[in-house]
Amino acid sequence: MSKVNVLLLMAVVACALGVITSQHQARKRFIELEGEQESARKLEEEWTQLQLEQSTWGTHKRVEAVASRQLGMRQPDASNTIILRVEAK
Amino acid sequence: MKRHHATPRFEKRTPELRLKLEGWRSRLVFFLAAAGFALLAGRAFYLQGVNTSFLQAKGEQRYGRVMELPASRGAVKDRNGQPLAISTPVESIFVTPDEAEVDEAQLRALAKALAVPVDELRQKFDRKDRQFVFLKRQISPDQAAKVMALRIPGVFQQREYRRYYPAGEVMAHVVGFTGIEDNGQEGIELAAQSRLAGTPGSRKVIKDRRGRIVEDVDEVHPPRDGAEVTLALDQRLQFLAHKELKAAVEQYRAKAGSMVILDARNGEVLALVNLPDYNPNNRARVTGAQTRNRSVTDLFEPGSTMKPFTVAAALDDGLVRPDTPIDTGNGQIRIGGWTINDSHPMGTVTVAQVISKSSNIGAAKIQLQMPAERMGVVYRELGFGATPATGFPGEAKGLLRPWTQWKPVEQATMAYGHGLSVSLLQLARAYTVFTNEGRVLPLSLFKVDAVSGGKPLFTPGTVREVVRAMEATVLPTGTAPQARVPGYRVAGKTGTAYKAENGSYENRKYVSSFVGFAPVSDPRFIVAVMLDEPQGSKHYGGDVAGPVFSSVMGSALRLMSVPPDGEPVINAGTPEANEPRRAEAGARKATT
Chain E
1 MSKVNVLLLM AVVACALGVI TSQHQARKRF IELEGEQESA RKLEEEWTQL
51 QLEQSTWGTH KRVEAVASRQ LGMRQPDASN TIILRVEAK
Chain A
1 MKRHHATPRF EKRTPELRLK LEGWRSRLVF FLAAAGFALL AGRAFYLQGV
51 NTSFLQAKGE QRYGRVMELP ASRGAVKDRN GQPLAISTPV ESIFVTPDEA
101 EVDEAQLRAL AKALAVPVDE LRQKFDRKDR QFVFLKRQIS PDQAAKVMAL
151 RIPGVFQQRE YRRYYPAGEV MAHVVGFTGI EDNGQEGIEL AAQSRLAGTP
201 GSRKVIKDRR GRIVEDVDEV HPPRDGAEVT LALDQRLQFL AHKELKAAVE
251 QYRAKAGSMV ILDARNGEVL ALVNLPDYNP NNRARVTGAQ TRNRSVTDLF
301 EPGSTMKPFT VAAALDDGLV RPDTPIDTGN GQIRIGGWTI NDSHPMGTVT
351 VAQVISKSSN IGAAKIQLQM PAERMGVVYR ELGFGATPAT GFPGEAKGLL
401 RPWTQWKPVE QATMAYGHGL SVSLLQLARA YTVFTNEGRV LPLSLFKVDA
451 VSGGKPLFTP GTVREVVRAM EATVLPTGTA PQARVPGYRV AGKTGTAYKA
501 ENGSYENRKY VSSFVGFAPV SDPRFIVAVM LDEPQGSKHY GGDVAGPVFS
551 SVMGSALRLM SVPPDGEPVI NAGTPEANEP RRAEAGARKA TT
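Residue numbers (the numbering used here), protein chains in the order written: chain E, 1 to 89; chain A, 1 to 592.
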């Protein structure tokens, strides 16, 4: 009888320690998860800012100004456009 | 009391028992100890059993925090996915003055980090009666990090979203803008507010002493970000339209200008430009005149751009044929006490030339051959007098009196676009009748999958005849040769209307317009241009709005790789010698 008691006591202690460890692990993981979610948010913010930056650099106004002033380009008109027709078949 | 005799063995080993203490003393100690335990057990039961919820709530109050999870507003994009409005996170810095402790050096450092005057900050810190004072709103996260690094007690940051408009003034009127609370106030931002707005979420958590989140206490309510809205608008066409319209408004020193580009096949709004404009990213000194979405909200008398509808109705009813001659006399005719003028005497013209040469008298005479009800129904079916139902805020209905109340002269003047008023968007929409075999298409700001045209208003044959006459408008003998687009067949109509002010028509104030479409063989775009009060010697629709139409239409067709369908065909009645196009507008003057 007393042997059983000792065994049970040991089992209970082991379980208790197990609970403590797993709780600790859970909290650690949770903090990690939080950290990852935070960095995901940061990346998302950066993405919107990059989108913004890209569209600001790529504004038609700017592209046209660069093309015509710095690169000396111009819109082709009808006289220097050749139309190639693709046959239906 | 004989116990000590019964246990002599213990007495020998434990001399204390030889003291022969009274038995009640041990019982008293036992009782006191038992009572003490009972008290503790009772207390434990009270805390754990009876009072738990209260205590747990108190505990959570100390370690638990409810965190607001902000939701971002959805982006607005053009048909090719280019962002037109996009939200990025910013921080607002605020102070709770009664918690704040700040010395002079810190205040100076803070002022420098925030880029605000020290005195202004000091005043805000001194407002001890207030719980919450913003020090600066909507600064970049980087700048906010520098401010928070000063670690001034009582100074906090709050996450907000700020709206940016990469296309700036080019898209200003269509996209609109939001207020500081992130609610739409104009344009699409207002029209699609419920779709764009997100719902903030919340979560209740326990934080450890280092401020890290340890556990979720309650269910997490995740934030719902706003949905993305994709418009039918094409940023390239919009930019093109803006550039050309701006050049024209400056050249003619016009008070205002508007342009609408529609997809002729399905009624999608591809571009919508108004001038004067504003920069939606910096609205510090923006006036109402700048923010008005004129092509949608403002009305004008359309002038001669209305003539094709009268001619189409008369052709449809079999009252006239394109080559039916009409006597316009010496350029003046009196109807019911009013005089209708042509800009110059045209003599006898054909019905087709009423359009290409723009004769007011001709149009009025054709109009009066039809009962008022017929034209009333035509105008209604074309969408005049009702909002175009695109969902834009503040859409104008236009002024169109019910046909039952028309006087003959009123009906006559409507033929050349006076006595009724429309918005440019309505006018452009009405022209879909000529690009869809007589059907008027509904307009859409968003991409259209299936075209849903109603029943035809005119027969396809009628539409062909009218379009042929409209093609002649851009011939050298028409009113707008400048609206030609090399390589493409173009059809259109000029309009020059005198502005009505204080009940009479001003002689020197005009609205010049041009509405047209191309390529005629398979129409792709409808472009409507309107300039308000162009100054200088030129003011006719063909001279002022025609070149804008030509350059925008030509670039748009090339941009979208629309195959050219050749030079305009020469038709529409008897070609006349290169007579100077002088005018199409006629004043309506009271002779009471």
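Rather than coming from a laboratory, the hints here were simulated on the basis of the structure.
Keep in mind that a hint or two might mislead.
[Unchecked claim] Here are the simulated DSS-like pairs of lysine-lysine, each with C-alpha atoms no more than 25 Å apart in a straight line:
no.	chain 1	residue 1	chain 2	residue 2
1	A	Lys-243	A	Lys-455
2	A	Lys-58	E	Lys-61
3	A	Lys-246	A	Lys-58
4	E	Lys-42	A	Lys-204
5	E	Lys-28	A	Lys-207
6	E	Lys-61	A	Lys-538
7	A	Lys-58	A	Lys-112
8	A	Lys-243	A	Lys-207
9	A	Lys-146	E	Lys-61
[Unchecked claim] Derived DEER-like restraints, expressed as beta-carbon distance ranges:
no.	chain 1	residue 1	chain 2	residue 2	range
10	E	Gln-70	A	Thr-324	57 to 63 Å
11	E	Gln-23	A	Gly-42	29 to 35 Å
12	E	Leu-9	A	Leu-69	42 to 48 Å
13	E	Val-19	A	Arg-127	34 to 40 Å
14	A	Val-217	E	Gly-35	16 to 22 Å
15	A	Gly-23	E	Leu-17	42 to 48 Å
16	E	Gln-70	A	Glu-181	40 to 46 Å
17	E	Val-13	A	Phe-54	51 to 57 Å
18	A	Gly-49	E	Leu-50	37 to 43 Å
19	E	Lys-42	A	Glu-181	23 to 29 Å
20	A	Val-217	E	Glu-64	52 to 58 Å
Predicted, not measured: the structure shown is a model, and the values here were computed from it.
Even for Gly, the Cβ is constructed at its ideal location relative to N, Cα and C.
Review point. Which of the numbered hints above does this structure break?
Key: When the structure is compared with the hints, numbers 1, 2, 3, 6, 7, 8, 9, 13, 17 and 18 turn out to be violated.
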